[in-house]
Amino acid sequence: DAKTTQPPSMDCAEGRAANLPCNHSTISGNEYVYWYRQIHSQGPQYIIHGLKNNETNEMASLIITEDRKSSTLILPHATLRDTAVYYCIVRVAGNQFYFGTGTSLTVIP
Amino acid sequence: EAGVAQSPRYKIIEKRQSVAFWCNPISGHATLYWYQQILGQGPKLLIQFQNNGVVDDSQLPKDRFSAERLKGVDSTLKIQPAKLEDSAVYLCASSLEASPTSAQYFGPGTRLTVL
Numbered sequence: 001d002a003k004t005t006q007p008p009s010m011d012c013a014e015g016r017a018a019n020l021p022c023n024h025s026t027i028s029g030n031e032y033v034y035w036y037r038q039i040h041s042q043g044p045q046y047i048i049h050g051l052k053n054n055e056t057n058e059m060a061s062l063i064i065t066e067d068r069k070s071s072t073l074i075l076p077h078a079t080l081r082d083t084a085v086y087y088c089i090v091r092v093a094g095n096q097f098y099f100g101t102g103t104s105l106t107v108i109p
Numbered sequence: 001e002a003g004v005a006q007s008p009r010y011k012i013i014e015k016r017q018s019v020a021f022w023c024n025p026i027s028g029h030a031t032l033y034w035y036q037q038i039l040g041q042g043p044k045l046l047i048q049f050q051n052n053g054v055v056d057d058s059q060l061p062k063d064r065f066s067a068e069r070l071k072g073v074d075s076t077l078k079i080q081p082a083k084l085e086d087s088a089v090y091l092c093a094s095s096l097e098a099s100p101t102s103a104q105y106f107g108p109g110t111r112l113t114v115l
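These protein sequences, in sequence, are chains Z and F.
Numbering follows our numbering, in which position 27 of the first sequence is assigned residue number 27; successive positions increment by one, without gaps.
Numbering follows our numbering, in which position 104 of the second sequence is assigned residue number 104; successive positions increment by one, without gaps.
Keep in mind that the hints are not guaranteed to be accurate.
[Said to hold, decoys possible] Under the rule of at most 35 Å between Cα atoms (straight-line distance), these lysine-lysine pairs were calculated in the DSBU-like manner:
no., chain 1, residue 1, chain 2, residue 2
1, Z, Lys-3, F, Lys-44
2, F, Lys-44, Z, Lys-52
3, Z, Lys-3, F, Lys-11
It is worth saying that the hints were derived from the structure and are not from the lab.
Starting from the given sequences, assemble the full structure and let the hints guide the process.
And the structure:
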């Protein structure tokens, strides 16, 4: 039970912003939204997380809707090295991560 | 800061053999996780440790899989005997604490092939 829905794949032009959507309509009030990415043959890499406020760090921005039923990960200036599978995860009670199948982002030169 | 270390990176065995994987978490991280990632799927949690105690092993196939973290630092995951369907990448992750705000940091994984 991944609790999140993501498009299976997306393309983005190099240098443009990549906006990756995620639906989590059954999220509970105290469950955090996490984003990870996995580049081929590597372990998942932490990107960002949030509860209800928008968050920004050196890698990305996370926009969470007011009703918390969806969120968007924004990579402001995508590079070829951002090509990866991006996982949106709702961290349920008990501290577990349920990874779905994620969105495969391809950055095109 | 050193990341999560795992070894070996690759392992090929025949079915019914046994195999063990080792993980060294980030220094000071109390919580350690083992995940299984089958090709084309997201990682699936197998077991979670808090220090040297098991917090959650509900998805660990206990008839063949075992894991330990005796001194609350390093951990080993063992499969005995291995089956063909155990072919996967085994990922270790650690977090500072077992808290919803504490991110998990993953190692590079061990790719297991069972022939």
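- Query: Among the hints numbered above, which are violated by the structure, and what are their numbers in rising order?
  - Reply: Going through the list in order, the structure violates no hint and respects every one.
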